[in-house]
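Quick mapping for you: the protein sequence lines, in order, are chains A and B.
Using this note's numbering, you'd call the opening residue of the first sequence number 1 and step up by one each time.
Using this note's numbering, you'd call the opening residue of the second sequence number 1001 and step up by one each time.
Because the hints were derived from the structure by calculation, they are not lab data.
By construction, the Cβ of each residue, glycine as well, lies at the ideal position given by its N, Cα and C atoms.
A portion of the hints provided could be inaccurate.
Quick list of simulated restraints, FRET-style, between CB atoms [to be verified]:
hint, chain 1, residue 1, chain 2, residue 2, range
1, B, V1278, A, E199, 50 to 58 Å
2, B, N1058, A, R150, 53 to 61 Å
3, A, D76, B, V1210, 27 to 35 Å
4, A, G41, B, V1153, 38 to 46 Å
5, B, G1195, A, T11, 52 to 60 Å
6, A, T43, B, V1006, 52 to 60 Å
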Amino acid sequence: MIGLRVRRPNTPAPVPAGSVAVEVRGLRVERGARTVLDDVGLTVRTGEALALVGPNGAGKSTLLAAIGGDVASTGDITVDGKPLATWSHAELAMRRAILLQRPTVSFPFTVAQVVGMGRAPWAGTPLEEDDEAAVAGAMRQTDVTEFADRPYPQLSGGEQARVALARVLAQRTGTLLLDEPTAALDLHHQEMVFDVVRERAAAGAAAVAVVHDLGLAAAHADRVAVLAGGRLAACGPPGDVLTAELLSGVYRHDIEVVPHPRTGRPLILPRRSGPG
Amino acid sequence: MRRGPVLLVALGGALLVLCVLAAGIGQVNIPPDQVIGSILHRAGLDAGPRPAAAQGDNALWIVRFPRVALAVVTGAALGCSGAVMQGVFGNPLAEPAVIGVSWGAAVGAATVIVFGLTVLGNWTIVAAAFGCGLVTTLLVYAVSRSAGRTEVVTLLLTGIAVNAVASALLGLLMFAAGNDALRAITSWNLGSLAGANWDAVATVAPLAAVGGAVALGCARRLDLLSLGERTARHLGVDVERLRFTAIVLIALLTSSAVAFAGVISFVGLVVPHLVRMVAGPGHRILIPASALGGAVVLVAADMVARTAIAYQELPLGVLTALLGGPFFFWLLRRARHGSGGWA
Chain A
1 MIGLRVRRPN TPAPVPAGSV AVEVRGLRVE RGARTVLDDV GLTVRTGEAL ALVGPNGAGK
61 STLLAAIGGD VASTGDITVD GKPLATWSHA ELAMRRAILL QRPTVSFPFT VAQVVGMGRA
121 PWAGTPLEED DEAAVAGAMR QTDVTEFADR PYPQLSGGEQ ARVALARVLA QRTGTLLLDE
181 PTAALDLHHQ EMVFDVVRER AAAGAAAVAV VHDLGLAAAH ADRVAVLAGG RLAACGPPGD
241 VLTAELLSGV YRHDIEVVPH PRTGRPLILP RRSGPG
Chain B
1001 MRRGPVLLVA LGGALLVLCV LAAGIGQVNI PPDQVIGSIL HRAGLDAGPR PAAAQGDNAL
1061 WIVRFPRVAL AVVTGAALGC SGAVMQGVFG NPLAEPAVIG VSWGAAVGAA TVIVFGLTVL
1121 GNWTIVAAAF GCGLVTTLLV YAVSRSAGRT EVVTLLLTGI AVNAVASALL GLLMFAAGND
1181 ALRAITSWNL GSLAGANWDA VATVAPLAAV GGAVALGCAR RLDLLSLGER TARHLGVDVE
1241 RLRFTAIVLI ALLTSSAVAF AGVISFVGLV VPHLVRMVAG PGHRILIPAS ALGGAVVLVA
1301 ADMVARTAIA YQELPLGVLT ALLGGPFFFW LLRRARHGSG GWA
């Protein structure tokens, strides 16, 4: 009756690096009379970390929500090679994990319990055995082990953000969709987050992260997708995409791009007319 | 982490002891060993002393036991529905009486009493309470939620509005009622187990048991729901189905409590809250512990209600409200403090 499933959910099979994890074609999302996303196409492959950048209101969160199946859209979205709508909630939860902005928890669950909730999709499958290791590993990677027993609502904003990320990592899915995972974090933890994301990508995951800090995107992403006004303005390696011309137009601000003296990756700076 | 099972065992033990005590106390006092003896003899075991008092056996089996049993069922249903309601609303202040579901169910049951409806026999009153309770729950849920969560202010204001309408309807019914029905509605408005008999127990016990079992089956998904609806869905929960199940459950449990005992407020608020303080918010412990805790509270409260004043009975609902009201006040202040305003 309740909790019994009509059919067993399909557990995901391992996929070779470079295969398509998420594909979006001709995506259009409307909210009331406003078109939030129009004709967006994007392919995310396993083994890559893709940064999604763009000004406020460009539609970045909406794009993640559409891939996550949270908003009605027209166009094609496939996850693991099958149309989004053909997966059940449980099957999707085994394939992609999503970090939303400002994650809240309504009751005083402890940090360890919240991270453990990330294992829910695997309950009743053979992978349930990995629960403990996945939770412990995710907490270590996000530097939250020391407050494992504290109630989540008592943590600071940055600590909560890391716990929520740990919950997403503990889900151990092939695809990660992260909406501003670095928003509330200090410099050290921002870098830590992207180290973890790159590690996951290197291990064969596909990761999409919305970022506002173009420096982080340039330094860590394999590819950068720039959204502006609901359309995809550019998508490609950071060196090709993050140019002064494109960014100045998209952000409507005079922006300088200089290569990093050691790594050669682009450094993005707003042109400032301050003293000196 | 190990506190949950300990709490369950402790509450279970306390409930058993209280039931034996409560059955023994009253105008005819029967010591606990004789209460147990009477049960054993009925079960066909020739062990323990029989009740020594004249009519002792009858007092137990006709008056006391059904009353204690109804207190257990009613308390468990209230505790359980409070826990489920708070989980699905994502708000620790949700409670069947506070937000009006109990009063909605009360209107249904009062209608049956006033018009003397017997379409479904004993079940008529429960069915009417369930129908009205379900409509009220749906209404409160639809009105008080926005963007996937329930704000305290909206929830409480919705409760005030629902309670206003429900008490107006109850007033109208009392206006239309004859003398007998009027007395029935009044005593039951204040909450009372005085009308308990085995028929009542047999009617609501299966409903409460089914409700409790289904609630327990939802426990893990209710945990995930505390991460927010979207995140719960991302973790594989069919949120729409869970929500529907929970709303039917709340109506079922509340109406099975209200149908014969009337409106007994705050049990569903206080008990889950205390359980969370001891064993944390995980629903796999919270739901059974709230059911056991609700039963403990109600058996104890009913014992006090009928023995505190000799030859008089305090209304049970009045007693729980006297204790629960100040607790609600404290919780409200804490909620305001915790969120830095009326969030």
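Hints and how they fare:
{"no.": "1", "hint": "B:V1278 to A:E199: 50 to 58 Å", "result": "violated, 40 Å"}
{"no.": "2", "hint": "B:N1058 to A:R150: 53 to 61 Å", "result": "holds, 57 Å"}
{"no.": "3", "hint": "A:D76 to B:V1210: 27 to 35 Å", "result": "violated, 44 Å"}
{"no.": "4", "hint": "A:G41 to B:V1153: 38 to 46 Å", "result": "holds, 44 Å"}
{"no.": "5", "hint": "B:G1195 to A:T11: 52 to 60 Å", "result": "holds, 55 Å"}
{"no.": "6", "hint": "A:T43 to B:V1006: 52 to 60 Å", "result": "holds, 53 Å"}
Hint check: violations occur at hints 1, 3; the rest are consistent with the structure.
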